[in-house]
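Chemist: This is what each chain is made of:
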Amino acid sequence: MANIMIQRGAKSDYVFYLPKRDLEDAIVSMEFDTPEKWGGEIRLNNGGSYYIEPQAAPAKLPISLRAKRLDAAE
Amino acid sequence: MSALTREETEALIQEVLEVYPEKARKDREKHLMVNDQSIEQSKKCITSNRKSLPGVMTVRGCAYAGSKGVVWGPIKDMIHISHGPVGCGQYSRAGRRNYYVGTTGVNTFGTMNFTSDFQEKDIVFGGDKKLAKVITEIELLFPLNKGISVQSECPIGLIGDDIEAVSKKAAKEIDKPVVPVRCEGFRGVSQSLGHHIANDAIRDWVLPRRDTQEFAGTPYDVAVIGDYNIGGDAWSSRILLEEMGLRVIAQWSGDGTIAEMEMTPNAKLNLIHCYRSMNYIARHMEEKYSIPWMEYNFFGPTKVAESLRAIAAHFDDKIKEGAERVIAKYQAMMDEVIAKYKPRLQGKRVMLYVGGLRPRHVIGAYEDLGMEVVGTGYEFGHNDDYDRTIKDMGNATLIYDDVTGFEFEEFVKRVKPDLIGAGIKEKYIFQKMGVPFRQMHSWDYSGPYHGYDGFAIFARDMDMTINNPCWGKMIAPWLKPAEPEALKAAA
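The listed protein sequences correspond, in order, to chains A and B. Taking this note's numbering, the leading residue of the first sequence gets 0, the next gets one more, and so forth. Taking this note's numbering, the leading residue of the second sequence gets -6, the next gets one more, and so forth.
Since the hints were made in silico from the structure, they are not lab data. Predicted, not measured: the structure shown is a model, and the values here were computed from it. Any given hint might turn out to be false.
To be verified - 27 angstroms max Cα-Cα, derived BS3-like pairs, lysine-lysine:
id, chain 1, residue 1, chain 2, residue 2
1, B, Lys341, B, Lys281
2, B, Lys114, B, Lys37
3, B, Lys16, B, Lys261
4, B, Lys139, B, Lys122
5, A, Lys19, B, Lys19
6, B, Lys384, A, Lys67
7, A, Lys59, A, Lys36
8, B, Lys37, A, Lys67
9, B, Lys409, B, Lys313
10, B, Lys19, A, Lys67
11, B, Lys418, B, Lys406
12, B, Lys384, A, Lys19
13, B, Lys281, A, Lys19
14, A, Lys59, B, Lys281
15, B, Lys473, A, Lys19
16, B, Lys333, B, Lys311
17, B, Lys139, A, Lys36
18, B, Lys420, B, Lys335
19, A, Lys19, B, Lys23
20, B, Lys261, A, Lys59
21, A, Lys19, B, Lys36
22, B, Lys322, A, Lys67
23, B, Lys261, B, Lys333
24, B, Lys37, A, Lys19
25, B, Lys114, B, Lys139
Go ahead and model the full structure; you've got the sequences and the hints to work with.
Modeler: Written out as structure tokens, the structure is:
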């Protein structure tokens, strides 16, 4: 499990940030993206993927979350 | 010598790598690249923020340098205890030229060195008692300090002292913030982790202190973050922001105070100059206090104007108008500077190797003077720094991460730049090789370089260095090839 931050990006909808590794990347797909159910498996532009427990969409971004690493790019 | 082509640059990298043993070559290869502007993501072609190879000459610092030297050190009204043996504090004392206003030793302490001076017995029996004593003594001798930070040196982590407990207790006793910072030098691969640790300490120990306090804010409050006031940089930036109608409520951390930092959550916009060392706290404030942040670049008139407009875009028409007014006001002065120095510097080629923000930020300033940056690199940058650099650099230029002494020398021998901008550790090597050099960490005892006023000084300094007559006198008179008779007669 890793602490991550999700924020709004200029180009893409969401930007993923992993402070521990200073990894900032665009999120290319998110499994659930509705107000009621939000999260699930997220894919990054660099090929990595993480899993966030599906939850209600956050009221405001950025938000810090716990995420599970499914597949890191490096 | 004309610019190298892509193939030549690639060949140069291979040639330089040849001397390494196989394993080292493989590792170093990942840290060197030829720039290609079409690349979106740097990590496909350059690796950064990795441990330096043992045996190569790196110029990186340690986590303590990143925390005490960069982030915490310039906070002028706090006393920063270098907790551990005496050397770390003494040899980093006042070297970074973070200017400040105040009476040193009375209400400001920027250039002083406070240390707990560890001896063998402190390592064996623990240094917590000594730290408590140091804090009490400081409070007695310097009652006007506004707070104390404990900057750990390596032994503190190794012997497992509980500086947090001592700090909490002392903070109650002296009724001032006492901030323990776990920035032991061995943490991380470079000073970069020190920045992060320092940011986290500010987040946990400083920012929440005045969360409930009232603040007479205006819609134009901004905070300047990541400007360390080297040679007065923050001052020459601040006047521009104030002239365009903004109110700067905090300076982090050059000429900064702890009160300003505690008040920063009231800002409407955080302006980040050094992204590498302060983005962590900006991200935190964005999440907790909903303060947007943006990077800006105050090197050279083109980038200053660009940044002023980008900053103004976050505010109403009054500020936008103010930005245009400021740009127009200084335009004549800038034209004069460029008219004077551009003919003397046109076409000169520069190689940079610095830390933090400069490898990409100063490119614009050189371009304003008609100069070209042909190689750049970060001591401790991460991939997001390189992502940003690729766009600013020309195609087929060299980019090197954590370059070793050998590689840098070889690159310089082949690329033959007219100027090198790097740190003090490189300075005398290259000067002895006969290459003009500017120390770009603390502006070679000059500055400021930020803002419009800074650019005039920057241009003068570059001219002074490159066109210095000493570079023609590198060969002893008796070793020079004989002058033609005609010239001798004329003289």
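Chemist: So which of those numbered hints doesn't the model satisfy?
Modeler: 1, 2, 3, 6, 9, 10, 15, 16, 17, 22, 23, 25
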